[in-house]
Structures are given as structure tokens and as C-alpha cells.
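Sequence order for the protein chains is A and B. Each residue of the first sequence is one higher than the last, beginning at 7 in this note's numbering. Each residue of the second sequence is one higher than the last, beginning at 9 in this note's numbering.
Among the clues, some could well be false.
As the list claims (entries may be wrong) - Heads up, simulated SDA-like pairs for lysine to any residue below, C-alpha to C-alpha not over 25 Å straight-line: (1) B:86 <-> A:80; (2) A:20 <-> B:144; (3) A:20 <-> B:53; (4) B:65 <-> A:73; (5) B:65 <-> B:141; (6) B:65 <-> A:121; (7) A:20 <-> B:17; (8) B:84 <-> A:73; (9) A:52 <-> B:153; (10) A:13 <-> B:85; (11) B:53 <-> B:17; (12) B:84 <-> A:75; (13) B:53 <-> A:56; (14) B:84 <-> B:112; (15) A:13 <-> A:83; (16) A:13 <-> A:117; (17) A:13 <-> A:112; (18) B:84 <-> A:81; (19) B:86 <-> B:56; (20) A:20 <-> B:14; (21) B:53 <-> B:31.
The set of hints was computed from the structure by calculation and includes no laboratory data. Note that the structure is predicted; figures quoted are calculated from it, not measured.
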Amino acid sequence: MIQLGDKLLPWLEKALDLSYQRQSVLSGNLANVDTPGYTPRDIEFKEFLVSELEAGPEAEGTAPMATARPGAEPGLDGNRVDLDTEMARMTSNRVFYELATEMTSRRLGLLRYAIDEGGR
Amino acid sequence: MALTVFQMLDLTGRALSVQRERLGVVSSNLANAQTTRTAEGGPYKRRDVVLAEDSMKDSFGHALDASLAGDERSVKVKEIRQDTAEPRRVYEPGHPDADTDGYVAYPNINTVEEMVNMITVMRSYQANLTVVTAVREMAQRALGIGRNG
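So here's chain B without its partners, still in its complex pose (with noise of 0.2 Å):
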């Protein structure tokens, strides 16, 4: 049993709003790169996204959909983590962010590491695009079965 076509293009739509979701992250990642003071004190701290399959029971208004539809799940952040590896310490002692010892503490932040989460998080998205034309197509498909007999 499956998911009806609109079923589908809600799962697929919470995915892509996920994969942006992540896009997000990403870019307040390589934004503050350079961050070393925040309103909580200290640099920036990176920011990671937790993702985990989502149920879609809730999307059935009724018992009976439920059980007629397939085990097919989205997908759902789970929770946006904080990195806690510790602020990369750079030797600077003019910076006016910079400790006793002339340290400054940048943000644990790889920006090669980040560019590519980037590039990954747009082909997930672009590739959830193609499943919206592709249930789209289907349905149209399905509706065009005879008419031109």
C-alpha cells in the first residue's frame, strides 16, 4: 500500500524544507567563520544539523488512511547541535578580542568542510525537487489514462 499523491508531496515537501533548513546552517557556519565575539561572549560557535526520519502518521486525518497507507517516512531535524570542540586559538596580540596571552579564539569553523555540506545539502534538495515533478507527472499520467482512445 502506498501514500496518496498528496501524501507524497508533503512528505517530500517537509524534506525539502529541511535540506533548507540545513542550507541555513551552513551559511551562518561560513558567515561567522571569522566571528570572535557573540552577545553570549566568546567566538562564534559552529552549529550542526541533526536529521532523523519523520512518521507521517499525522498527515492521515483518518484511522483508515493510516492503515491502508505504506511505511514510507519523511524526513525531520532532530535537534540543531553546537559544536563543542574547542575555538581554534591563533596568536594575535593587537586584536582587540585577544586574551592575556595574546590569543585570540576563532571559531572552530573549516570553510572547505562547510562549501562542501553546501554543494551536498543543494543536490538532496534538487534531487526532492525532482520527486515533486515526478509525483506531479504521475498524477497527470494517471489522469490522461483514455482520454485520447
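Extracted from the complex, chain A is given alone in its bound form (with noise of 0.2 Å):
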């Protein structure tokens, strides 16, 4: 991303960035509900997030791979997938996804008019 010299947008940019493939990740997952042996994955997302926002805009940690998730107890096939968890954190992430365009709109909105209207 170009240097605005904006703190927050780097972080929204990571946070968009890792809550776009967490759901590349849960919806492996979901599709794997009924697979035998098959074990759920995620990504550490919110410690992540919050160590950068904490370190400050020259943060530059690696971003979590996806790990597999403990999860539940495994079915009597093996699979660990519980529907009902996966439908739970996927809905969450849309959220947060929706939250940080959302404030990536309103950031830039704010740049925007102190671009335009500052000069006055």
C-alpha cells in the first residue's frame, strides 16, 4: 500500500488481508463437514491483530498460517468438523470483514476530505 502516513490503514490492510483467507480457510472446512478423518483448520487471527496493532505501524510480523484445530471429538468416520462451530466462526469473520471495510472506507473518506477540504 502506498506510505499515506496514515497508522491505521497498514493494519486494515493485514486485518482485510487475514480475515479474507480465514474464510478461504473455513470454507475448506465446511465443505469437508461429512469428509472421514478430515480435521478442521483456522488461522490465530485475533492474537495476531492485536500484537501488530499494539507493535504500531512499522510492525511488520509474518502472518499465522492455517493450523489445524484441535475440534471436536472425532465422529465414529474420523471427522472433527462441528457444523455448528464452523457456521458459528464463519459468521463472525463476515462481520469483522464487513467491520474493517467499513472503517477502511471511512479512513480514506477522512484522508479524502482533509485532501480536499484542509486547504480551505
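Since each chain comes alone in its own frame, lean on the hints to assemble the complex.
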């Protein structure tokens, strides 16, 4: 992203990227809700974003990869996906993505205002 | 790294097809719960769908895509297995398919079990439909960034 001197936008960019990736992972989990032996995966999403926010704009932490989530007890066929848990996670991720896109739009709007109106 | 929106939709599309196929097999089992005579001879044999993970690698037109993508897997039907359990023998001497001892071989199908399977399949189908909505919604929101700024 172009460096605009804004502290929040780089973090929002990471947040959006990670949230999107998470949707990809959760889609895979739900596709395999009935596959024998399948273990659901997830991204350590919240911890990373919090640490990035605290570290400030120069933070360059490595984004977490998707790892297997211990999850529910395996069923008779070894499947560990709990449909309701996955749905709940997907819903919260959708809300987060909506929040992040909204914040990005507003932040950009604010900057645009500062550029346009501030000169008067 | 993650799949593109289109790849995610492809992944979910495959899952939906798989669930539909499962539903077809469950319906067939339910419809034939009392079928004592088939073209192959003998009673209907219960069928089961075995699922397996399906790599998304064939949906990448380009080697670069494959290296950028995550490890997400879709699902596929590995095989449709015929149940090898013994048929259920019921004493019905008057039945046209009764054997010399008067027993009729019925399919070993538990309708309650099949109904439960049907409900499970419907739930899974429904869940994957929500994934399609979620992915589409995300793409639309991303496109809307800065639109009303």
C-alpha cells in the first residue's frame, strides 16, 4: 500500500487480508463437514492482529498460517468438523470483514476530506 | 495465502454437488426399502457414499496460482459402496419372491437411519450454501471500499 502516513490503514490492510484468508480456510472446513478423517483448520487471527496493532505502524510480523484446530471429538469416521462451530466462526469472520471494509472506507474518506477541504 | 474468490466458489460448488449426490443415494435407499427383486436378482442392496478430500490443484490454470494458493481442499465422492450386509429374511410363504423355505429376503435398510442421513445431508448442503453467500458478500464489500468516502 502507498505510504500515506496513516497509522491505521496498513493495519486494516493486514486485517482484511487475514480475514479473507480465514474465509478460504473455513470454506474448506465446511466443504469437508462429512469427510472421514478430516480435521478442521483455522488461522490464529485475533492474537496476530492485536499484537500488530500494539506494535504500531512499523510492525512487520509474519502472518500466521492455517493450522489444524483440535476441534471436536472425532466421529465414528474420524471427522472432527462441528458444523455449528464452523458456521459461528464464519459468521463472526463475515462481520469482522464488513467492519474492516467499513473502517477502511471511512478512513480513506477522512483522508480525502483532509486533502480536499483542509486547504480552505 | 488463499484461494481466489472464484476458486472458493468452485470449491463450494463441488461440495454442493457431492451433497446432492449423497441425497440421491439416500433417496434411492428409502425408495427401495421394500424391493425384493432387482434386475441383478435378489433384493436391493443398500448403497453408501464414501467421501474423500479433493485437492483444488486442477482448478489452477497456471503454476503460479498453485504456489500462491492455500492448502484448501474440497470434497469428492470416492466411491459409492454397496452394503455387504446380509439381507433381512422375513417368513412370508405366500410372497412371490419367497424361497423354498418360505423366507423372503428384504433389503437391510433401516428407514429411520436413512431419514437421519437425509437430514444430515440437508444440513451440510445448507451450510455450504451459506458459504457461497459469505464469499459473494465479501467480494462485494471489497469492491465497495472507498465508494462512498
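For each hint, the structure was consulted:
no. : hint           : result
1   : B:86 <-> A:80  : 20 Å, holds
2   : A:20 <-> B:144 : 20 Å, holds
3   : A:20 <-> B:53  : 54 Å, violated
4   : B:65 <-> A:73  : 19 Å, holds
5   : B:65 <-> B:141 : 23 Å, holds
6   : B:65 <-> A:121 : 46 Å, violated
7   : A:20 <-> B:17  : 23 Å, holds
8   : B:84 <-> A:73  : 22 Å, holds
9   : A:52 <-> B:153 : 22 Å, holds
10  : A:13 <-> B:85  : 49 Å, violated
11  : B:53 <-> B:17  : 35 Å, violated
12  : B:84 <-> A:75  : 22 Å, holds
13  : B:53 <-> A:56  : 56 Å, violated
14  : B:84 <-> B:112 : 37 Å, violated
15  : A:13 <-> A:83  : 49 Å, violated
16  : A:13 <-> A:117 : 12 Å, holds
17  : A:13 <-> A:112 : 14 Å, holds
18  : B:84 <-> A:81  : 19 Å, holds
19  : B:86 <-> B:56  : 11 Å, holds
20  : A:20 <-> B:14  : 21 Å, holds
21  : B:53 <-> B:31  : 17 Å, holds
Hints 3, 6, 10, 11, 13, 14 and 15 from the list above are not met by this structure, while the remaining hints are.
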